[in-house]
Amino acid sequence: MANKYVKNAVGRMIPEKINGKPVIPYQGVHKYKTTRRRYAPLLPSCADYPEDGNKLVKDLKTVLKKAGLKDGMTISTHHHFRNGDLVANQIFIAASELGVKDLTWFPSASFHCHEPMIDYLKDGTIHHIEGSMNGPLGRFASLGKMKGAGVLRSHGGRYQAVQDGDVVIDIAVIASPTADSFGNANGLTGDSACGLLGFALADSQYAHKVIVVTDNLVPFPCVPWQIQGNYVDYVVEMDQIGIPERIISGTTRITKSPDRLFIAELTAKFCDEVGILEDGFSFQAGAGGTSLAIGNYFGEIMRKKGIKARFARGGSNQYLVEMLEEGLIDYILDGQTFDLAGVRSMRENPNHVNTSPFTSYNYHGKGNFAGIVDVVILGATEVDVNYNANVVTHSDGYLLHGIGGWQNCLFSKNVILPIPLFRDRIPIIRDEVTTICGPGELIDVIVTERGIAINPRRKDLLDAVKNSKLPIRTIKDLKEEAERICGKPEPVEYGERVIAAINWVDGTVIDVVRQVIE
Amino acid sequence: MSKKGTAGNQGPGIRSDCFAALEIKPSGGIEIILNSKVDALFKNSIQDLAHQILDFFQIKDAKLEIIDRGALPFVLAARIEAAVKVCLDPQEEFLLEMIPENKYQTRIDRTRRSRLYLPGNSPKLMLNAGIHQPDGVILDLEDSVAPDKKEQARFLVRNALRQVNFYGAERMVRINQLPQGLDDLTYLVPHHVNLILLPKCESADQVQAVDKKISEILSDSGFDYPVYIMPIIESALGVIRAFEIASASENLAALAIGLEDYTADLGAPRTKEGRETFFARTQVVNAARAAGIQAIDSVFSDVADMNALREVVLESKSLGFDGMGCIHPRQIKVIHESFAPTEKEIQKAEDIVRAFDEAASKGLGVVSLGSKMIDPPVVKRAQKTIDLAVKTGQLPENWREQGSDQDH
Chain A
741 MANKYVKNAV GRMIPEKING KPVIPYQGVH KYKTTRRRYA PLLPSCADYP EDGNKLVKDL
801 KTVLKKAGLK DGMTISTHHH FRNGDLVANQ IFIAASELGV KDLTWFPSAS FHCHEPMIDY
861 LKDGTIHHIE GSMNGPLGRF ASLGKMKGAG VLRSHGGRYQ AVQDGDVVID IAVIASPTAD
921 SFGNANGLTG DSACGLLGFA LADSQYAHKV IVVTDNLVPF PCVPWQIQGN YVDYVVEMDQ
981 IGIPERIISG TTRITKSPDR LFIAELTAKF CDEVGILEDG FSFQAGAGGT SLAIGNYFGE
1041 IMRKKGIKAR FARGGSNQYL VEMLEEGLID YILDGQTFDL AGVRSMRENP NHVNTSPFTS
1101 YNYHGKGNFA GIVDVVILGA TEVDVNYNAN VVTHSDGYLL HGIGGWQNCL FSKNVILPIP
1161 LFRDRIPIIR DEVTTICGPG ELIDVIVTER GIAINPRRKD LLDAVKNSKL PIRTIKDLKE
1221 EAERICGKPE PVEYGERVIA AINWVDGTVI DVVRQVIE
Chain B
-4 MSKKGTAGNQ GPGIRSDCFA ALEIKPSGGI EIILNSKVDA LFKNSIQDLA HQILDFFQIK
56 DAKLEIIDRG ALPFVLAARI EAAVKVCLDP QEEFLLEMIP ENKYQTRIDR TRRSRLYLPG
116 NSPKLMLNAG IHQPDGVILD LEDSVAPDKK EQARFLVRNA LRQVNFYGAE RMVRINQLPQ
176 GLDDLTYLVP HHVNLILLPK CESADQVQAV DKKISEILSD SGFDYPVYIM PIIESALGVI
236 RAFEIASASE NLAALAIGLE DYTADLGAPR TKEGRETFFA RTQVVNAARA AGIQAIDSVF
296 SDVADMNALR EVVLESKSLG FDGMGCIHPR QIKVIHESFA PTEKEIQKAE DIVRAFDEAA
356 SKGLGVVSLG SKMIDPPVVK RAQKTIDLAV KTGQLPENWR EQGSDQDH
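Those protein sequence lines, which keep their order, are chains A and B. Heads up, the first sequence is in my numbering, so the first residue is 741 and it goes up one at a time. Heads up, the second sequence is in my numbering, so the first residue is -4 and it goes up one at a time.
No wet-lab data here; the hints were simulated from the structure. Here the structure is a predicted model, which is why all the values come from computation and not from measurement. Check before you lean on any hint, since a few could be wrong.
PhoX-like cross-link-like pairs, simulated, lysine-lysine; straight-line CA separation at most 25 Å [as the list claims (entries may be wrong)]:
1) A:K806 - A:K841
2) B:K367 - A:K1228
3) B:K386 - A:K1044
4) A:K1228 - B:K20
5) B:K55 - B:K(-1)
6) B:K328 - A:K1209
7) B:K328 - A:K1045
8) A:K1228 - B:K38
Rough simulated footprint, nothing fancy, chain A against chain B, three-plus residues with beta-carbon under 8 Å [unchecked claim]:
9) 29 to 41
10) 208 to 221
11) 332 to 341
In silico contact screen, one side only, chain A against chain B (beta carbon under 7 Å); selected entries [as the list claims (entries may be wrong)]:
12) D1136
13) D1164
14) D1217
15) E1223
16) G1227
Even glycine gets a Cβ: it sits at the ideal position worked out from N, Cα and C.
When you get a sec, could you build the whole thing from the sequences and use the hints?
Here you go:
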């Protein structure tokens, strides 16, 4: 069946249908608005649930049967345990044993630990994945081996898709470090403590059936109930739901690489010189080594100037927690807890606030937190001369990373991408990025070790550095230097097949990823 | 009969480098087997470069296997050429473009606070060395290169001199001990190297041998830019002969000391306090000053301990050294900050230079500040302090116009 293609607002050719469903091509920032009502599952009645509130079911297989698992359904999971998740794989093992086919897996993100899913993609249990596909899964999909096409969304875009009914979750499985038999759950305590459970919020509210899985069952009430038992159908107790040392992300160490530290320091200096680092400012820095280093340099500057930040958006981690406890930051608004210091702080400190993609990122919210943040520091695999950026594919076309909150953060007042000018021999600044994940109009500054490029749209920033000694250069100039060093990359040839769609925060499709030819 | 040669590095953890294995055959044409991490983006250009090099050396029948981990062209070319060298020992060299940015010369008395060591057979560390803005970089052919890699490192260092932009850092190379080091010079001098470090120097003869060889190569290749020499004193004998060495040639820019080998030679363990090296260090400073050149201290090897480094640098400065070596880019900033003049020193220097200017404008031969007479060397030193302060951003370039009564 031939698919027709249309050009979207960033000039990419988008098929009319993906996985047989019609798609809306990206139309521009804040251009597309739905006229639909919120998607809603059927109203439940408490009369259908155990009077004593005990919703325990003996195991995963039984609960999936009770929840009505059948061919073609959509099952959701969450990445609070990152690379230490033991639950998602178990669900598809059970589904495979039950002989169910063509499921859609709707994770909030996937990790290396989910490599066994490849077996269930191969045997037809899973039809396709809607969520990030990192490492081995990305490689598998890139080579065109997945039956359907992947759909990648940002954290906010996932919430939007659920509210819009773009994705109807038949069964949500929420792995919970602590829960009671009514289904109240949180991530604050237990062997698999991971802080918050914000990525599961939409699923608990909108899925047809909601299953809480825990290895730390406590008597009612489990408080605080980050997930409310009133949304939950069943509770399952397992021996172990996560591997604690892998739940703690390996990325939350300040980089030791002198080159990355150099970029981090330059980024912090830039922010200071253009006047972003003023008393009461706010920032978001990710958990990557360079971002953490930037937070650290922010701290140094704040101490020197005697200023405080009103809030920091997390990814919380030990460094951010230290800043909160030192009084450099009034609040951490936390979307994902990356280490035990973050978990402890969230448990103990009322100024360390649990947030979800709904509060932070959701396109269908009445306002957007992201726009309140003064500066966000983000990564990218490529940026083009028009400041469009890529976070999902490498320059050789392989889909290897998820979007995370990246697209959502682009709405902040200042969006800064600290990136090396080249990695090994691969220039990062290109004429055109392999995959557009974010439009250039939202990306303000690129900081490389060989110079800083400011988006010409940001005349205010350009004015602010007029008499500065910072190495300000045009993005074209940087691109040319990268090509002088590396050589000009040869064009990559792709297969015809679309292996994944990249959705924008409003549910439209901003780009697609094509099959890699091995 | 077939000949085989290999060069480069491979294995886990290797990045920005490659491994080339060449087998010259009696017949069968050229076969290139490329296994590259950046295959999708550069396979044609890597193949082209390989063909170009084989063609240059008139190799018609060979199998060339390249395992590439994202090597830049200057690395690929060095590895392939080194493999050819093993097979054929050709007289010609395959030279990539000398980038115009690397044709700069340096001054004999330029600032030499920091010089960053870069192992001569590890391309990855060379690529971004310049962005950390050391006063100098040292491409090292000596101790950081394993004996069986010496030959291939020459090609890599030569290509780095031609192609890697070090953004204004003085481009130094540490050659091997003589006599091997004299052969190294052939690969360095015609490629705009700024300074040659002569390790384990123990006599003026050694300096003069290097000096002579440099000027021969320069005149043979038709260049007349300066190539300075910095001997490194690393033995008891070297310390005793420090002045003789320091005054051996007018192309000497500085005299350095290397303490690891020196303490080994003494048979005294190297301590944090450094009493065992105090004599040698002051001797080197004295010899250098007596010969009118700079004195450069050894390296500090604990790259994680910046506070200890700061103490060492401050001591080094107080002994009269002008700079020291670094083995990690993060050390550069600490070294620059610690060698920088203090506010008090700057203030005093400003006052002296102002007094000198004033005396000069009035046509006075004698400069005085308050009730004190100021000698010309004091003025010269003050001017040096000012220059350094301007360079480090501690003083604006137009400091004279800012008035002398500002709040210090």
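Tested hints:
no.	hint	verdict
1	A:K806 - A:K841	holds (17 Å)
2	B:K367 - A:K1228	violated (65 Å)
3	B:K386 - A:K1044	holds (23 Å)
4	A:K1228 - B:K20	violated (33 Å)
5	B:K55 - B:K(-1)	holds (15 Å)
6	B:K328 - A:K1209	holds (17 Å)
7	B:K328 - A:K1045	holds (21 Å)
8	A:K1228 - B:K38	holds (12 Å)
9	29 to 41	holds (count 9)
10	208 to 221	violated (count 0)
11	332 to 341	violated (count 0)
12	D1136	holds (4 Å)
13	D1164	holds (3 Å)
14	D1217	violated (14 Å)
15	E1223	violated (11 Å)
16	G1227	holds (5 Å)
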